[in-house]
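S.K.: Now for the letters of each chain:
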Amino acid sequence: MKRIYLDYAATTPVDPRVARAMQSYFDKKFGNTMSLHSFGQEAKVALEESRQVLADLISAKPNEIVFTSSATESNNLVLKGLAFGRANKLFLRGEPLYGAPSSRKSSLARPHVIISSIEHQCVLESAEWLKKQGFSLTIIPVDKYGMVNPKDIEEAIRPETILVSVIHVSNEIGTIQPIAEIGKICRQKKVYFHTDASQSFGKIPIDVKKMNIDLLTASSHKMYGPKGAGLLYVREGIKLVPLLHGGGQENGFRSSTVNVPAIVGFAKATELCKKEIKKEGARLAKLRDKLIKNILKIKNSHLNGHPKKRLPNNANFRFDFIEGESLVMRLDIEGIACSTGSACSSMSLEPSHVLLATGLRPEQAHGSLRVSLGRWTTEKEIDQLIKVLLGIIKQLREISPYGKK
Amino acid sequence: MVKNNNKICGGLYTPKVMETFKNPHNFGKMKNPDGVGKIGNPVCGDVMHLYIKVDNPSAGLRAIIKDIKFETFGCVAAISTSSIITDLAKGKTIKQALKITKDNVVKSLGGLPKIKYHCSILAVDALHKAIEDYFSKKKDVEK
Chain A
4 MKRIYLDYAA
14 TTPVDPRVAR
24 AMQSYFDKKF
34 GNTMSLHSFG
44 QEAKVALEES
54 RQVLADLISA
64 KPNEIVFTSS
74 ATESNNLVLK
84 GLAFGRANKL
94 FLRGEPLYGA
104 PSSRKSSLAR
114 PHVIISSIEH
124 QCVLESAEWL
134 KKQGFSLTII
144 PVDKYGMVNP
154 KDIEEAIRPE
164 TILVSVIHVS
174 NEIGTIQPIA
184 EIGKICRQKK
194 VYFHTDASQS
204 FGKIPIDVKK
214 MNIDLLTASS
224 HKMYGPKGAG
234 LLYVREGIKL
244 VPLLHGGGQE
254 NGFRSSTVNV
264 PAIVGFAKAT
274 ELCKKEIKKE
284 GARLAKLRDK
294 LIKNILKIKN
304 SHLNGHPKKR
314 LPNNANFRFD
324 FIEGESLVMR
334 LDIEGIACST
344 GSACSSMSLE
354 PSHVLLATGL
364 RPEQAHGSLR
374 VSLGRWTTEK
384 EIDQLIKVLL
394 GIIKQLREIS
404 PYGKK
Chain B
976 MVKNNNKICG
986 GLYTPKVMET
996 FKNPHNFGKM
1006 KNPDGVGKIG
1016 NPVCGDVMHL
1026 YIKVDNPSAG
1036 LRAIIKDIKF
1046 ETFGCVAAIS
1056 TSSIITDLAK
1066 GKTIKQALKI
1076 TKDNVVKSLG
1086 GLPKIKYHCS
1096 ILAVDALHKA
1106 IEDYFSKKKD
1116 VEK
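Going line by line, the protein sequences match chains A and B.
When we follow our numbering, the leftmost residue of the first sequence carries the number 4, and every step to the right adds one.
When we follow our numbering, the leftmost residue of the second sequence carries the number 976, and every step to the right adds one.
Take these hints with a grain of salt, some might be off.
Distance condition first, Cα-Cα at most 27 Å in a straight line; then the derived BS3-like pairs of lysine-lysine [as the list claims (entries may be wrong)]:
(1) A:Lys302 to B:Lys1006
(2) A:Lys407 to B:Lys1006
(3) B:Lys1104 to A:Lys407
(4) A:Lys407 to B:Lys1074
(5) A:Lys293 to A:Lys277
Far from chain B, some chain A residues (derived; all Cβ distances over 10 Å) [claimed, not checked]:
(6) Ser72
(7) Arg113
(8) Arg333
(9) Ser345
(10) Pro365
(11) Glu401
(12) Lys407
In short, the hints are calculated from the structure, not lab data.
In this text, a Cβ means the ideal position worked out from N, Cα and C, and glycines have one as well.
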């Protein structure tokens, strides 16, 4: 049986062109970027060329790109690095974040962080950890489509706010947040703005200058690059306390011997995504819309997330009367890979916090199914999913005690 | 501090669990059951309804469960434990059925991930509830 992969939001296969670009950096150009000899220098050149490619995609400068090992690391670096860095020190001295130090002895209010309720666990957990360390935390709710209202952010910002972090696109429901509006507010209020763009990077256009983004996270393995490479865009002038102290690589933001093969792959993957960003986006959106149209014909089925403002490759459904893990495992038996926000599929036995944040009751969140499309998704595969899904839902509903007359 | 909760996630189901999940036995609603056991909570994601039909009610604990059916809303473990308990209890006397333990359920499935053990308890509890319901209904009739 030929298996069908429809879980591109979880991870993607490495594009063969990316793998080819990486190959020589494992065994031939394997040098340490810190070495003075020619081996080191060819690795260093590859690193800096890669940095340029990544910076170009989001209209950043190369010196604003910090390579990390993952999006989780980037997000941890932002929250912890900023909280324990300049902002914290200034606030402890009662001075403002931007501009010249003032003589104003303001309150001893605890530094304040704002995030949305639909952040990835690595932002959520980092923020909760900061709270335990004495920082103040506000979690901004979302509407039923999973959308943050920029006004809520504006109202939540206080003089002691050091950071606003809002995910660009939800990895679960695919809702695209009004990042530019939030960025504008944060810039006006002189608060750093971070966005986790792990899902959107390379898939929809991002311009950190136009969108007033101060910090941005991206990940290689979500866009046909290898695992083990991530980045953090850090606007020039922003200081972060590093998580890793050592040899001072990555401008001191991240000590550690640089993972050149993975970064070269990340850059190659970015180049490919950039080239086809419009065309591929339109192709996937068309397939996604066909899927949504057909699946919503099933009785008692619903779309999670925003009907329009969603990533071209994301569809997230929920089906009344059945449970998501059963659904995913039944699809897997048929050779189709998708994912669910059901409690039974999670380590914690709690349903997805993102689905609950959109106002769903736990019993509704259990019946969710995320389908995420990608570079190798064909119309035939979508047709196959539609066909198989109809049968599986019918059977699981026959087993279920609910929804019968 | 990092706690090791020894949690096991999906992908660790035994072939027997998957086979049972794929082709569950005895599912569906029963008409005029002698006893019904309803257990679980949709908020938690597991709900089981178990129905039994009993032969020769005058035999007391020696009466035989001649038919048994289930309806389950839940995960792979919930559906497969539901199916297995119907297999284990069908054709048995009430006394024998009451002796089925969660370990019997887990063993019959060739094992379950630890995090899913509660599903095996749910199945046993549903059977006990159905038998309880049968006896209480019987009492009402005899009165």
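S.K.: Going through the numbered hints above, which ones does this structure break? Give me the numbers in ascending order.
M.R.: 4, 8, 9, 10, 11, 12
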